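Asks: Chain residues, written in single-letter form:
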Amino acid sequence: GENVEQHPSTLSVQEGDSAVIKCTYSDSASNYFPWYKQELGKRPQLIIDIRSNVGEKKDQRIAVTLNKTAKHFSLHITETQPEDSAVYFCAASSAASSASKIIFGSGTRLSIRP
Amino acid sequence: GAVVSQHPSRVICKSGTSVKIECRSLDFQATTMFWYRQFPKKSLMLMATSNEGSKATYEQGVEKDKFLINHASLTLSTLTVTSAHPEDSSFYICSAPRWRSGSENEQFFGPGTRLTVL
Chain A
14 GENVEQHPST LSVQEGDSAV IKCTYSDSAS NYFPWYKQEL GKRPQLIIDI RSNVGEKKDQ
74 RIAVTLNKTA KHFSLHITET QPEDSAVYFC AASSAASSAS KIIFGSGTRL SIRP
Chain B
-12 GAVVSQHPSR VICKSGTSVK IECRSLDFQA TTMFWYRQFP KKSLMLMATS NEGSKATYEQ
48 GVEKDKFLIN HASLTLSTLT VTSAHPEDSS FYICSAPRWR SGSENEQFFG PGTRLTVL
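Heads up: the sequence lines are chains A and B, in that order.
Quick note on this note's numbering: the first sequence kicks off at 14 and runs consecutively.
Quick note on this note's numbering: the second sequence kicks off at -12 and runs consecutively.
What the hints contain is simulated information worked out from the structure, not anything from laboratory work.
Owing to the predicted nature of the structure, the values given are computational and were not obtained by experimental measurement.
Each residue gets a CB set at the ideal place from its N, CA and C atoms; glycine is no exception.
Warning: the hint list may mix true and false statements.
As the list claims (entries may be wrong) - Here are the simulated DSSO-like cross-link-like pairs (lysine-lysine), alpha carbons at most 30 Å apart as the crow flies:
no. : chain 1 : residue 1 : chain 2 : residue 2
1   : A       : K55       : B       : K42
2   : B       : K1        : B       : K28
3   : B       : K29       : A       : K71
4   : A       : K50       : A       : K71
5   : A       : K70       : A       : K55
6   : A       : K50       : A       : K84
7   : A       : K35       : B       : K1
8   : B       : K29       : B       : K51
9   : B       : K29       : A       : K35
10  : A       : K55       : A       : K71
11  : A       : K70       : A       : K84
12  : B       : K28       : A       : K71
13  : B       : K53       : B       : K7
14  : A       : K70       : B       : K29
15  : B       : K42       : A       : K35
16  : A       : K84       : B       : K29
17  : A       : K55       : B       : K53
18  : B       : K7        : A       : K50
19  : A       : K71       : A       : K84
20  : A       : K50       : B       : K28
21  : A       : K81       : B       : K29
22  : A       : K50       : A       : K70
23  : B       : K42       : B       : K53
24  : B       : K29       : B       : K53
25  : B       : K29       : A       : K50
26  : B       : K28       : A       : K55
27  : A       : K55       : B       : K51
28  : A       : K70       : A       : K81
29  : A       : K71       : A       : K81
30  : B       : K28       : A       : K70
What the hints assert, rightly or not - Where chain A lies over chain B, by a calculated footprint (3+ residues, C-beta under 8 Å):
no. : segment
31  : 48 to 54
32  : 72 to 84
33  : 97 to 104
As the list claims (entries may be wrong) - What follows is a set of in silico ranges between Cβ atoms, one per label pair, in the way DEER data are often shown:
no. : chain 1 : residue 1 : chain 2 : residue 2 : range
34  : B       : L55       : A       : Q58       : 27 to 33 Å
35  : A       : R64       : B       : D52       : 34 to 40 Å
36  : B       : R101      : A       : S119      : 18 to 24 Å
37  : A       : G14       : B       : E74       : 21 to 27 Å
38  : A       : E69       : B       : K29       : 26 to 32 Å
39  : A       : E96       : B       : L61       : 35 to 41 Å
40  : A       : S25       : B       : T69       : 30 to 36 Å
Okay, chain B solo, but in the shape it has when bound (with noise of 0.2 Å):
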């Protein structure tokens, strides 16, 4: 199957400060990613649709200006949690779907950042 790699998989910061997350499509191109928010015990919500060469679209609620999403090329996607507070410590989780003939559309996460905000 395809594959989907995020770097950092673990960060702790200090409340403030920015951090920065990255989710690549190793063996697959992806004009589109998703980033997911996952916080203990709950379902994965998604937060935005990363776009490739435009404006990512995010989901109600979210705070585009605190988290900023770049898609700069076919394989990587960015997401940016700015000024970073307790309560964004959360698990990130970005996706992939690879497009195939059929109309499939499965998706491919990637392994997850643990983020914690001191």
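Just chain A, with the same shape it has in the complex (with noise of 0.2 Å):
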């Protein structure tokens, strides 16, 4: 099955300063990359998403990069401010059918210094 690896586990940058977030993932066959944001207590929310058509989405000051043949995908955050501050996790699927599954990676605790 599908194994997601995530890295840096924790990640400490100052306010303004970009983080940058890798994952790598298992399954030649997974072709949806979601990244999702998670505040203590609360769901998941998604934040960003990219397929596997396309090496790169930006929405504003979030940006997202894929290397299929690496298997590696990135978050790229940019001036980054105290509300950036959460736990970021990267995820793999398959988006062949609406069944497909989510695995999500370990996570990375981003804090945002001021």
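Starting from the two chains in their separate frames, assemble the complex, guided by the hints.
Replies: Quick look at the structure:
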């Protein structure tokens, strides 16, 4: 089955600097890669996703890149703000059908230093 | 966006009792739902895939007789933790994918249920 590895487990950056979180996946059939932000005690919230037919996607301060050959994908947050502090999860799924399960990475706890 | 609800949001029970958690898709039909478990400071671990009208599919290492799943309608899946023990204390989250044309498969998560077993 799919295995998603994520690093770093914790990340502390100065407000205004950029943060990068990296993930790898094992199943070459995976073609949908969502990123989630989770605050304490809350449900995961989708912040951006990318599909295997593109290499990069950007939404304001957030961007995701995908290297299908290497099975790597990364989240980039620029101009970080205090409200970016949370736990971030990468995930992978095969979006071949509506029944495709999503496998999560281990998570990165991002702290933004004022 | 689509809405998924869970009930209850919190439950405290005694060891040995059973607890039922409901997951509902409020504005769309979900033939499939997923149940996750999340321990403190850990990731979401997929427990099982709930299939409407058929048996659930459990992930390796998840006891199907302990975590009973029923998906009797297109908008409701239930997870029953039977004979709960303190080690079952966790945050249980369901999700439901909404299938749309264009091969999109966005998952909508419920707000989670915090189970504490004394």
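Asks: If a hint holds in the structure, say so; if it does not, say that too.
Replies: Hint check:
1. Between K55 (chain A) and K42 (chain B) the CA atoms are separated by roughly 29 Å; this keeps the pair inside 30 Å, and the hint holds.
2. Between the alpha carbons of K1 (chain B) and K28 (chain B) the distance comes to roughly 24 Å, so the proposed pair stays at or under 30 Å and holds.
3. Between the alpha carbons of K29 (chain B) and K71 (chain A) the distance comes to roughly 28 Å, so the proposed pair stays at or under 30 Å and holds.
4. Straight-line distance between C-alpha atoms of K50 (chain A) and K71 (chain A) comes to about 16 Å, which keeps the hinted pair within the 30 Å bound.
5. Taking the CA atoms of K70 (chain A) and K55 (chain A), the gap is about 26 Å. The hint holds against a cut of 30 Å.
6. Note on K50 (chain A) and K84 (chain A): the hinted pairing holds, with a Cα-Cα distance of about 22 Å set against a maximum of 30 Å.
7. For the hint linking K35 (chain A) to K1 (chain B), the alpha-carbon distance of about 41 Å lies beyond 30 Å, and the restraint is violated.
8. As the CA atoms of K29 (chain B) and K51 (chain B) are separated by approximately 22 Å, the hinted pair is consistent with the 30 Å bound.
9. At most 30 Å may separate the alpha-carbon atoms for a hinted pair to count; K29 (chain B) and K35 (chain A) meet this at roughly 17 Å.
10. As the CA atoms of K55 (chain A) and K71 (chain A) are separated by approximately 25 Å, the hinted pair is consistent with the 30 Å bound.
11. A C-alpha spacing of about 16 Å is found between K70 (chain A) and K84 (chain A), which places the hinted pair at or below 30 Å, so the restraint holds.
12. A distance of roughly 28 Å separates the Cα atoms of K28 (chain B) and K71 (chain A); the hinted pair therefore holds under the 30 Å criterion.
13. For a cut-off of 30 Å, the pair hint linking K53 (chain B) to K7 (chain B) stands: about 12 Å separates their Cα positions.
14. Pair hint K70 (chain A) plus K29 (chain B) holds up; C-alpha atoms about 27 Å apart against a cutoff of 30 Å.
15. Note on K42 (chain B) and K35 (chain A): the hinted pairing is violated, with a Cα-Cα distance of about 36 Å set against a maximum of 30 Å.
16. Simply put, K84 (chain A) and K29 (chain B) have alpha-carbon atoms about 23 Å apart, close enough for the 30 Å limit, and the pair holds.
17. Among the hinted pairs, K55 (chain A) with K53 (chain B) is consistent with the structure: their alpha-carbon atoms are about 25 Å apart, no more than 30 Å.
18. About 27 Å separates the Cα atoms of K7 (chain B) and K50 (chain A), which keeps this hinted pair within 30 Å; it holds.
19. The suggested pairing of K71 (chain A) with K84 (chain A) holds, with an alpha-carbon distance near 19 Å, which does not exceed 30 Å.
20. Annotation: proposed proximity of K50 (chain A) to K28 (chain B) holds, straight-line Cα distance about 14 Å (limit 30 Å).
21. Between K81 (chain A) and K29 (chain B) the alpha-carbon distance is near 27 Å, which keeps this suggested pair within the 30 Å criterion.
22. Between K50 (chain A) and K70 (chain A), the direct Cα distance comes to roughly 17 Å. Compliance with the 30 Å bound is thereby established for this hinted pair.
23. Between K42 (chain B) and K53 (chain B) the alpha-carbon distance is near 14 Å, which keeps this suggested pair within the 30 Å criterion.
24. At most 30 Å may separate the alpha-carbon atoms for a hinted pair to count; K29 (chain B) and K53 (chain B) meet this at roughly 22 Å.
25. Among the hinted pairs, K29 (chain B) with K50 (chain A) is consistent with the structure: their alpha-carbon atoms are about 14 Å apart, no more than 30 Å.
26. Simply put, K28 (chain B) and K55 (chain A) have alpha-carbon atoms about 13 Å apart, close enough for the 30 Å limit, and the pair holds.
27. Between K55 (chain A) and K51 (chain B) the CA atoms are separated by roughly 26 Å; this keeps the pair inside 30 Å, and the hint holds.
28. For the hint pairing K70 (chain A) with K81 (chain A), the CA-to-CA distance comes to about 14 Å; that is within 30 Å, so the pair holds.
29. Taking the CA atoms of K71 (chain A) and K81 (chain A), the gap is near 17 Å; set against the 30 Å cutoff, the hint holds.
30. Proximity of K28 (chain B) to K70 (chain A) is assessed by CA-CA distance (about 29 Å); at most 30 Å being required, the pair is judged to hold.
31. For the segment 48 to 54 of chain B, the assignment as covered by chain A is violated, since 0 residues bring a beta-carbon within under 8 Å of that chain's beta-carbons and 3 are needed.
32. A count of 4 residues in the segment 72 to 84 of chain B with a Cβ less than 8 Å from any Cβ of chain A is obtained; the coverage claim is therefore met, three being the minimum.
33. With 4 residues carrying a beta carbon less than 8 Å from a beta carbon of chain A, the segment 97 to 104 of chain B meets the three-residue requirement, and the given coverage holds.
34. A hinted range of 27 to 33 Å for the beta carbons of L55 (chain B) and Q58 (chain A) is consistent with their spacing of about 29 Å.
35. Separation of R64 (chain A) from D52 (chain B) is about 38 Å and conforms to the stated range, judged on CB atoms against 34 to 40 Å.
36. Checked against the hint of 18 to 24 Å, the pair R101 (chain B) and S119 (chain A) passes, with Cβ atoms roughly 21 Å apart.
37. G14 (chain A) and E74 (chain B) have their C-beta atoms about 24 Å apart, which keeps the hinted 21 to 27 Å range intact.
38. At roughly 30 Å, the beta carbons of E69 (chain A) and K29 (chain B) sit within the given window of 26 to 32 Å.
39. Judged by the Cβ atoms, the range 35 to 41 Å given for E96 (chain A) and L61 (chain B) holds: they are separated by roughly 37 Å.
40. Distance hint check: the CB atoms of S25 (chain A) and T69 (chain B) are about 42 Å apart, inconsistent with the given range 30 to 36 Å.
Comparing the model with each earlier hint shows violations of hints 7, 15, 31, 40; every other hint is respected.
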